[in-house]
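Asks: Sequence:
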Amino acid sequence: MQPDDLQPVTDLGLSEVWGHEEHDFTPWLVDHIEKLAGTIAIELDDVERERAVGGYRADITATEMNTDGDVVVENQFGDTDHDHLGKLLTYAAGTNADFVIWVSETFRDEHRSVLEWLNGGDGNGAMFFGVRPRVVRLADSDHTGFEFTVVVEPNDWERELQDSRSPRETASTIVAGTYNTTRETYITRTECQS
1 MQPDDLQPVT DLGLSEVWGH EEHDFTPWLV DHIEKLAGTI AIELDDVERE
51 RAVGGYRADI TATEMNTDGD VVVENQFGDT DHDHLGKLLT YAAGTNADFV
101 IWVSETFRDE HRSVLEWLNG GDGNGAMFFG VRPRVVRLAD SDHTGFEFTV
151 VVEPNDWERE LQDSRSPRET ASTIVAGTYN TTRETYITRT ECQS
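The end of the sequence shown is residue 194 by our numbering, with every number in the run present.
These aren't lab readings, by the way, just hints derived from the structure by calculation.
Across the chosen pairs, the derived CB separations fall in these ranges:
#1 Ser141 <-> Gly121: 42 to 50 Å
#2 Gln7 <-> Asp68: 43 to 51 Å
#3 Asp45 <-> Ala139: 37 to 45 Å
#4 Ala93 <-> Thr10: 34 to 42 Å
#5 Val136 <-> Asp83: 25 to 33 Å
#6 Ala52 <-> His143: 37 to 45 Å
Derived lysine to any residue pairs resembling SDA-like cross-links, with alpha carbons at most 20 Å apart:
#7 Lys35 <-> Val47
#8 Lys35 <-> Glu48
#9 Lys35 <-> Phe77
Every residue, glycine too, gets a C-beta built ideally from N, C-alpha and C.
All chains should be built: construct the whole structure from the sequences, respecting the hints.
Replies: Right under this line is the structure:
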């Protein structure tokens, strides 16, 4: 491939591919959870959709296979908002989650700051991630691509993934020692459906 052969991409909104967050995107995410998990270098099992947490329902819950840690995923279309932040924290507390993943198209600065603050060492041990899903169309074709990008991660996550000899015995250290890998971006060709 030559640099001159590169084609421009156009971002597509999630709602252009999946018409409805709860009925279309969440089921797709459950079926492709390994793409999200691989983006932050964890493995998930016992994936459950719409699990009851008190009087509410978490989008996705799971178990991290190497640590047996509880995982909660809150996803949304568009910009992050206080409503979904409240849900995320409610589900995290209600499940005593070890891994808390917020999936959103755009992270507002104040919500990114909240996740960073929560990762700052308040002692609860939970690891908070902000992950951006992205769908792109190649030039004027019907070829589309999908990827997850990590927007926020625990403060030492990258270092611990790269240095499995870290003395801290945290879930992330165990995961890093098990995988001995770095984070990968997954791109999958999909067909755009209206």
